[in-house]
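Student: Listed below are the residues making up each chain.
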Amino acid sequence: MKRHSKAFWPLLIAALVFYAIVQGLIMTDMLGAYHTNTLIFIAINIILAVSLHLVIGITGQFSIGHAGFMAVGAYLSAIVTMKFDLPFVVAIIVGGLVAALAGLIVGIPSLRLRGDYLAIATLGFAEIIRIIFLNIDYVGGAAGMQVSKMTDWTYTFFFMLITILVIVNFTRSRHGIAALSIREDEIASDAMGINTTYYKVVAFVIGAFFAGVAGALFSHNFYIVLPSQFGFLKSVDILILVVLGGLGSLSGAIISAIFLTLVSTFLQDYPETRMIIYSLVLIIVMLYRPQGLMGTKEITDYFRGWTSKGGKDNGKDTIT
Amino acid sequence: MTMLAVKDIDVYYGNIQALKGVTVTVEEGEIVTLIGANGAGKSTLLKTLSGLLKPKSGSIEFLGNSIAGKPAQGIVKSGISHVPEGRRVFANLTVEENLELGAFLRKDKKGIEADMKKVYDTFPRLLERRKQMSGTLSGGEQQMLAMGRAIMAKPKLLLLDEPSMGLAPLMVKTIFEVVKDINEQGTTILLVEQNANMALSVASRGYVIETGKVVLSGSADELQSSEEVRKAYLGGH
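If you're matching them up, the sequences are chains A and B in order.
In terms of my numbering, the numbers along the first sequence are unbroken and rise by one, the last being 320.
In terms of my numbering, the numbers along the second sequence are unbroken and rise by one, the last being 237.
One thing to keep in mind: the hints can contain errors.
As the list claims (entries may be wrong) - Cut-off 27 Å, straight-line C-alpha distance, at most; resulting in silico cross-link-like pairs (DSS-like, lysine-lysine):
1) Lys173(B) - Lys70(B)
2) Lys54(B) - Lys154(B)
3) Lys117(B) - Lys70(B)
4) Lys6(A) - Lys109(B)
5) Lys173(B) - Lys7(B)
6) Lys6(A) - Lys110(B)
7) Lys297(A) - Lys131(B)
8) Lys6(A) - Lys213(B)
9) Lys180(B) - Lys154(B)
Unchecked claim - Quick partial rundown of chain B residues pointing at chain A, CB under 10 Å, derived from the structure:
10) Leu52
11) Lys54
12) Gly64
13) Ser66
14) Gly69
15) Asn92
16) Leu93
17) Glu97
18) Ala103
Hint data in this document are derived by calculation from the structure and do not stem from the laboratory.
Since this is a predicted model, take the numbers as computed values, not measurements.
Even glycine gets a Cβ: it sits at the ideal position worked out from N, Cα and C.
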């Protein structure tokens with residue numbers, strides 16, 4: 001059931017070339033700190049969007065507590081680097097693993113719920129996580145925790161690449177198609193003998209892991225980590241990335257992460273009207289593309305149209 | 001040989017009792033039909049057999065093993081495959097992916113390929129449309145796909161829930177011919193239908209269910225000629 005995409009290697013090489021060019025520009029100081037930071041932001045948002053895409057877009061579980069898992073990753077990684085003086089890579093992985101564990105603990109009871117109920121439950125869990133950090137003095141409580149800046153373009157880029165590769169591979173595997181069938185029709189999926197609870201939890205845990213990774217990169221990009229950075233609005237921001245990109249489209253999630261990060265970065269010069277314009281952009285996109293920027297299509301679906309001459313078929317072979 | 005023995009099962013939706021002491025048996029190689037009005041409990045019985053619902057009391061034996069209350073994936077593995085009511089194909093997946101999902105629990109690649117070919121032989125329309133999103137198929141084609149998907153699990157017992165629902169008369173005829181074909185190739189079938197006439201014409205035996213109870217059972221001929229059944233379900237005089 002493994003579906004290969006012809007575009008896989010060209011895209012991977014293009015990504016690595018892009019990385020090398022940017023890294024070159026950073027090293028020769030041609031790309032300033034401001035622009036580098038924007039790129040880092042985009043990459044972190046891509047990790048968040050792609051990991052939530054797995055939960056909502058592929059498995060169809062409407063979770064709106066992604067910022068909670070991000071908070072776990074942010075705090076745990078900060079503890080690892082600041083209190084235990086361990087390397088940043090270790091911190092990122094620990095952050096991801098503990099977030100995955102949190103995902104497992106939250107997922108097992110709440111994934112029995114469906115639709116709106118699941119949304120409310122995940123929202124509640126995210127708030128609980130935030131409030132727990134708010135009340136732990138060890139991590140500074142409401143005043144937050146001091147963190148050194150360790151996130152750079154290389155770390156962010158490669159963790160972003162790993163996130164995308166893992167989730168693309170999962171989606172194309174036997175497990176991915178099981179997850180897709182849950183999104184399509186959970187009862188039919190049950191009747192096929194697919195262990196729907198298991199696949200929902202697996203998707204949720206993988207999603208939480210990468211949210212934790214993103215949290216680790218996020219917290220080490222500033223000098224401080226605060227509970228208020230991971231409130232409900234952060235979860236909504238991530239949700240918007242996925243919905244705007246098109247539910248079920250990985251490339252859509254990536255494109256909208258790039259697009260919205262750029263929009264909000266450029267709008268920082270106009271603080272008075274920033275939120276108004278940002279909201280207007282969202283409204284306009286939703287009015288004209290209610291199915292999201294990409295719908296359920298992937299960017300490689302368009303590639304295929306060019307490469308296979310005359311090979312017109314209505315189906316999609318590839319998920320990416 | 002008795003393939004399926006359902007004895008005295010009670011099934012509840014919360015506090016509401018949907019099945020009251022239902023007893024049904026299916027012999028190997030048969031087509032058995034369950035007929036009855038809306039809400040009688042026919043679909044509930046099928047859902048209980050395939051593990052989507054759990055009986056509160058009573059026993060279900062399939063090939064001599066108890067399957068009451070087992071999870072759905074275990075039941076599919078043991079050889080019962082369910083075509084749920086309303087077809088429920090995976091709309092945003094292709095025809096072929098739907099069929100692959102039907103064989104999800106199987107590991108024998110060659111067998112899966114052979115069965116896929118068999119499904120395409122039975123339903124040439126599906127072969128034509130195998131790369132198409134199944135949501136774009138017509139109702140009849142979706143029913144074919146749902147049945148094909150269930151066959152992909154290589155069941156010993158196939159549970160069919162209202163295969164004629166919402167289909168044009170001609171399509172209903174085709175579907176019932178296929179039901180007969182599948183049975184002749186060695187699959188035992190338990191068929192739920194509102195179209196009692198059609199169902200009794202292919203079945204060897206039948207049960208009539210009313211408000212959660214079996215009120216009548218017998219051979220298809222007996223039921224077809226029974227005054228009660230004719231009045232209530234066949235629209236005869």
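Student: With reference to the structure, classify each hint as holding or not holding.
Tutor: Results of checking the hints against the structure:
1. The straight-line distance between the Cα atoms of Lys173(B) and Lys70(B) is roughly 35 Å, outside the 27 Å bound, and the hint therefore fails.
2. A distance of roughly 23 Å separates the Cα atoms of Lys54(B) and Lys154(B); the hinted pair therefore holds under the 27 Å criterion.
3. Of the supplied pair hints, the one linking Lys117(B) and Lys70(B) is violated, its CA atoms being roughly 31 Å apart against a limit of 27 Å.
4. Restraint check: the Cα-Cα separation between Lys6(A) and Lys109(B) comes to about 24 Å, which is no more than 27 Å; the hinted pair holds.
5. Taking the CA atoms of Lys173(B) and Lys7(B), the gap is about 33 Å. The hint is violated against a cut of 27 Å.
6. With a CA separation close to 26 Å, the supplied pair Lys6(A) and Lys110(B) stays within the 27 Å bound.
7. Distance check on the hinted pair: Lys297(A) and Lys131(B) sit about 15 Å apart at the alpha-carbon level, within 27 Å; holds.
8. Annotation: proposed proximity of Lys6(A) to Lys213(B) is violated, straight-line Cα distance about 57 Å (limit 27 Å).
9. This hinted pair checks out: Lys180(B) and Lys154(B) have alpha carbons roughly 16 Å apart, not beyond 27 Å.
10. With its C-beta approaching chain A no nearer than about 6 Å, Leu52(B) sits inside the 10 Å limit, and its interface hint holds.
11. Restraint check, Lys54(B) versus chain A: the minimum CB separation of about 13 Å is more than 10 Å; hint violated.
12. Given hint, Gly64(B) at the interface with chain A, is violated; its Cβ is 20 Å from that chain's nearest Cβ, farther than 10 Å.
13. The interface hint given for Ser66(B) is violated, since its Cβ lies 18 Å from the closest Cβ of chain A, which is over the 10 Å cut-off.
14. The criterion of a C-beta within 10 Å of any C-beta in chain A is not met by Gly69(B), whose closest approach is roughly 15 Å, and the hint is violated.
15. At a threshold of 10 Å, the smallest CB-CB gap from Asn92(B) to chain A is about 6 Å, leaving the interface hint in force.
16. Because the beta carbon of Leu93(B) sits about 6 Å from the nearest beta carbon in chain A, less than 10 Å, this interface hint is met.
17. Interface hint at Glu97(B): satisfied, since its Cβ lies 6 Å from the closest Cβ of chain A, which is below the 10 Å cut-off.
18. Among the interface hints, the one on Ala103(B) holds; its C-beta lies about 9 Å from the nearest C-beta in chain A, closer than the 10 Å criterion.
When the structure is compared with the earlier hints, violations turn up for hints 1, 3, 5, 8, 11, 12, 13 and 14 and for no others.
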